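Novice: In case you want the letters, here they are:
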Amino acid sequence: MDFSLAAVLPQIFTGLVLGMLFVLLAIGLSLIFGLMTVVNFSHGALYMLGAYFTVFFLGYTRNFWLALLLAPLMVGTFGLLIERFLIRRLYGRSPDDPLLLTFGLSLVLIETAKIIWGKIGLTLDPPRELAGTVNLGFMIFPAYRLFVIAVTIVVLFGLWAFLTRTNVGLIIRAGSRDPLMVRALGINLNRIWLLVFGIGCGLAGLAGALAGPMRGAYAEMGVTMVIESFVVVVVGGMGSLLGAVVAGILMGQVVGITTYFAPKAAEIMVFVVMAVVLLVRPSGIFGEAGLAE
Amino acid sequence: MASISRRKFLGATGATAGAVAAHGLFPSVLRAQAEPLRIGCPLPLTGPFAALAADMQRGAQLAVDELNAKGGVMGRKVEVLFRDDELKPAVGAQRTKELIENQKCQFIVGGLAAHVQMAINEQTKKAKVLFISTSQSDEISAKPDTSPITFHEALNPTITSRVMGTWIAQNLGKKWWIIYADYAWGKQNNAVLQDTLKKQGGTLLGATPYPLGSAEFSAHLPKIQAAKPDVLVSVTPGADNIAYLKQARSFGMDKTMKLAQPLLWISYLKEGGPELYSDIYGSINWYWELQDTIPSAKKFVEASMKKFNMPPGDYGAYSYSGVLEVGRGVELAKSTDAEAVANALRKSPVYDHFKGKEWWRACDNKAMQDMWIVKGRGPGKTKGDWGLMDIVAKVAADEKYDRTCAEKGFV
Chain R
0 MDFSLAAVLP
10 QIFTGLVLGM
20 LFVLLAIGLS
30 LIFGLMTVVN
40 FSHGALYMLG
50 AYFTVFFLGY
60 TRNFWLALLL
70 APLMVGTFGL
80 LIERFLIRRL
90 YGRSPDDPLL
100 LTFGLSLVLI
110 ETAKIIWGKI
120 GLTLDPPREL
130 AGTVNLGFMI
140 FPAYRLFVIA
150 VTIVVLFGLW
160 AFLTRTNVGL
170 IIRAGSRDPL
180 MVRALGINLN
190 RIWLLVFGIG
200 CGLAGLAGAL
210 AGPMRGAYAE
220 MGVTMVIESF
230 VVVVVGGMGS
240 LLGAVVAGIL
250 MGQVVGITTY
260 FAPKAAEIMV
270 FVVMAVVLLV
280 RPSGIFGEAG
290 LAE
Chain B
0 MASISRRKFL
10 GATGATAGAV
20 AAHGLFPSVL
30 RAQAEPLRIG
40 CPLPLTGPFA
50 ALAADMQRGA
60 QLAVDELNAK
70 GGVMGRKVEV
80 LFRDDELKPA
90 VGAQRTKELI
100 ENQKCQFIVG
110 GLAAHVQMAI
120 NEQTKKAKVL
130 FISTSQSDEI
140 SAKPDTSPIT
150 FHEALNPTIT
160 SRVMGTWIAQ
170 NLGKKWWIIY
180 ADYAWGKQNN
190 AVLQDTLKKQ
200 GGTLLGATPY
210 PLGSAEFSAH
220 LPKIQAAKPD
230 VLVSVTPGAD
240 NIAYLKQARS
250 FGMDKTMKLA
260 QPLLWISYLK
270 EGGPELYSDI
280 YGSINWYWEL
290 QDTIPSAKKF
300 VEASMKKFNM
310 PPGDYGAYSY
320 SGVLEVGRGV
330 ELAKSTDAEA
340 VANALRKSPV
350 YDHFKGKEWW
360 RACDNKAMQD
370 MWIVKGRGPG
380 KTKGDWGLMD
390 IVAKVAADEK
400 YDRTCAEKGF
410 V
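So the sequence lines, in the order shown, correspond to chains R and B.
Going by numbering that gives the first Met the number 0, the letters in the first sequence line up with residues 0 to 292, in that order.
Going by numbering that gives the first Met the number 0, the letters in the second sequence line up with residues 0 to 410, in that order.
The following block holds chain B by itself, in its conformation from the complex (with noise of 0.2 Å):
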């Protein structure tokens, strides 16, 4: 006859009165113990845009402890894994490879070089992941490269040159030299600024490319000093910025013609100092100091400075915003599957986490949103450490900016 001894009785009635009792007062600790929620993040930590890249590791770092703090998504912990692509697409493509198959990340947020992000949302494709590049491309949303799990949170080179190059033809001159970085981003930004520049009846007078990464300048110049353009327009990204402007003022070209670029970076400015970005002008997706006028921002702000005691970059808010998404987008399809989630954002397409509102665009996924024209400080006008730009404009969101969904080939 099977019997149970009295000790061994209560002994099991305790721990399973125990284990009830724990399921009870510490729920959450219990979920938690649920799979996270991964999220992959590839960027170039090292290289030229080595400063962006943490300022959006900063930003994604506030997103997910944000969403953790509330609970997390759908009850599960949200894990953000971060990877070098060292701004190489064969290495970007790897990251994410070894992201999603032995990581077991199911969402994609990050990329910030433009070829490197192609070769992201190539393995996000063939995983079937969903992925929200934070990197400025026209292609990564448009066919035939772009899917229908592929959102693209940040600005692209159609709109930072079709907006920054119409304000400097009317502003700075009509008679330019582009200087630009030969890769995806740079040529299509030098493409939407020559186009921009016959619209508004200018004249070009050069273009140059020189490669992606250089320090050294100064073999160029001496052919742009002898033009004399209105305007020196440079589509120098990351670190080349800063190597770029150093060598165009020690030239003195900053005194026979007007610098301005499709972007500004504050990383790079923080970095360059006023005196570097002095009157130089750019376009920008986000400043900090719109705090005082936006609250998501301010809210953005106040995080980080708790945090990391600095606000964040124009970029960290890209990363962060795209985690955010992700979260949003589970939320509303109940569901983690690549599919239900790009659909639940496609119904629910207004957000607002740290700029006011921004919505995706059916068609091509892209983030629609307001970017502001500005300015570099100069020494003595700077407010702190991080008040680097005077704010010159706003320019409000409008799909106009962008190629049409036609454009884009979509039909």
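One chain only, chain R, in its complex shape (with noise of 0.2 Å):
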């Protein structure tokens, strides 16, 4: 077994752009959670749709960009549909109320998928521009995840400026701190958690959009997925955006480094990381103490 930089560097390459699904995923779990106390267990069938979509815009449009630009506003508008006509109606309520529903959603939206689209399954190419590969020097990759890579951190830069340069953002963040506060200014807090929800639901679909050319598409493809975000979102703190962040590259270098070295433990060494964060830190990396309670 090779231990150098050399051997493992391509590997690090490799899980970083597993990290970057794991980080749109548990972004928009965070945000939701953050601001409305819902456990999004739909995100996964979300996740799924974005993959869908892409591949149906695809064969609408015949273009790539326009397909990927289109899928995540679709499934954004869906989960403001989610969030207008079921969520809405549970506030109040126990929290576990959003997370059965949401969770039977997700059962659905799976099942009607299959119904639509066939239980088989869907490949997607990525567009002929990003086809190829890229010689990285010590790795040859393939320029499609170089683009996911890209692709990511843009939306993130643009989510940060989102938050922390628009007043919507600041409500946003207020909300999150202190809901009657900020309604006791006269501030529809509604209408945040609408476009909040989403926000959330968009970014699940450009996970799914973006991995429906590396990994296809097919109805189960969230199923996996969505415990691995709630993975991420725990170890980096419910709740916290910088924390999904951090912890969602932190989960793709364990996948990507534990495949190098055993590839059999890969899946167990997430929870084995979970279990580890949470004894060491009960909130998660950057987590509050009291939010997830």
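Please keep in mind that the hints were generated in silico from the structure rather than gathered at the bench.
Hints should not be assumed to be uniformly reliable.
[Claimed, not checked] DSS-like, lysine-lysine: derived pairs with alpha carbons at most 30 Å apart: (1) 269/B / 113/R; (2) 305/B / 263/R; (3) 263/R / 186/B; (4) 263/R / 198/B; (5) 198/B / 173/B; (6) 118/R / 305/B; (7) 263/R / 142/B; (8) 118/R / 382/B; (9) 87/B / 118/R; (10) 113/R / 96/B.
Computed from a predicted structure; not experimentally measured.
With the hints as a guide, bring both chains together as one complex.
Specialist: See below:
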């Protein structure tokens, strides 16, 4: 077994792409939880919808870039409808209620996807411009995966700017700290919640759209991803966006490096890391005590 | 005094005459009302093997149609009942039990994933129901798992990996890396491939297990890329095969090494497309273009084209043959008793339903059959929608490719 940096570096780089998908999913989950204390179990199904919508729009427009734009928008819009017509009715009730609702919703979405798009799954190719490989010096890497890293960084930067540089962002941040005070200032938090839920779902849709050309689209594709993303959220700290980013990248590395040394342990290691982090920091790396209780 | 009115007498006579006449006129209709012969077919209709399972569903349906068109089996109509085993052993066992106990299925034909098929076999053994397995597995026809009423229609890892492994070592290169799905069938193939490579004097650079049903292979690939094998041999069944090939190609591995695998499946070639499968080598139990040379293959393809407007696939052929063997066994035994049918099949072991002569080996009820080495046709070289492979070589059926009866625990 080769332990040198030259051997492990390609592994780290590959793990980075996995991490990017975790980050996109976890940040949406964390955003929704942080503001609304809703544990959105339908996140994996929305990730799946993102991949299928990309296939659909690609078939319709014959333009990958347009499909990549439209699919997350479509999933985001769907998220708005979920919040407006389903989740909104459960505010003020036990946090278990939205959890059960979204879990049920994910089952409905998976079965519906099977009815509409079939049980077999669909394949999806990256656009011609990104179909090739890039020689990074230490390894040959798919151009499309570099693109996934780039898109995620751009989206994260945009989200950060939105939350810290705009008035709406200010309200969102304030709302997650003290909803009562924000309401007292005469701000309609219902609209903010709607928007945040839509953005969170849109990010899940984007993760699915980006994953499609690497993994294809199939009905159960979100089932394990949602579990791993929750692990990421818990490790990063429930509700912490910085935590979601750091933990997402960390988990990508855990999978990548474990696969190098002990491929069979890669899946379990994610949970081992979670257990260790929770023992040392019960509220996660960047979590605030009290938020997740 | 007991008397009968004239009207009643005439009515009764008329009804009797009518019934007799009807019996004479429509014997098959009346006979069809007898209990149908029911065959249960548990398959992973959802999940990564869904495309193969759909193919098997069509194959079994064609066989049932063919049997019923001939007037059924011993005058009884044949029915096939499909159940989704969800690729889970516990579900497979539960569905099989339900098929046998509630649906009164007298035969089970099916199973696709090795570990689920073993769970199905536990149920059929317990219920004393004849089982024709259409899954690839070494252990289904070996002691202690097998039984005198368990038959195995499919190829197995020993046969495919010995034949294909030898061919790869002799034609593509002797420095290998193996990537395999971490479950019964994958592990068996890995073991046989390693053994075959050693016998051919080759070098194994590494072997990587991955979880079955995975869509993400990228974390495995850099290490393989760095090791620079001549051939990357993949045991990646079902939908995994497409995800794996896409990712291996996206990392440019098709340019620096040969990609080969013990098996190819037409369902996934169709789904993945010729570009993905161009120059990928594998073996196969059957391919529809064999209809050009094999009469039973032609008949099978024609029936499928007529009913489904597509040719049958490699795994559909297994279930087609399995159901027809149930029909043949029952007719031979003149009984539906599992042991009687099993004995009848062992006594007349030779059959030909879709690929030329096959036979049941007496010790382990394993079907001995020809196989073919094939390669994906690249874009522009395909023929129609389904002409996706070139046949590279034929490997005639021979018991020497499987483990011997002694190796399988029969003395």
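Novice: None of the hints should be skipped; say for each whether it holds.
Specialist: Consistency of the hints with the structure:
no.: 1; hint: 269/B / 113/R; in the structure: holds, 19 Å
no.: 2; hint: 305/B / 263/R; in the structure: violated, 46 Å
no.: 3; hint: 263/R / 186/B; in the structure: holds, 13 Å
no.: 4; hint: 263/R / 198/B; in the structure: holds, 27 Å
no.: 5; hint: 198/B / 173/B; in the structure: holds, 11 Å
no.: 6; hint: 118/R / 305/B; in the structure: holds, 24 Å
no.: 7; hint: 263/R / 142/B; in the structure: holds, 29 Å
no.: 8; hint: 118/R / 382/B; in the structure: holds, 27 Å
no.: 9; hint: 87/B / 118/R; in the structure: holds, 16 Å
no.: 10; hint: 113/R / 96/B; in the structure: holds, 26 Å
Figure legend: structure checked against the earlier numbered hints; the only hint not met is number 2.
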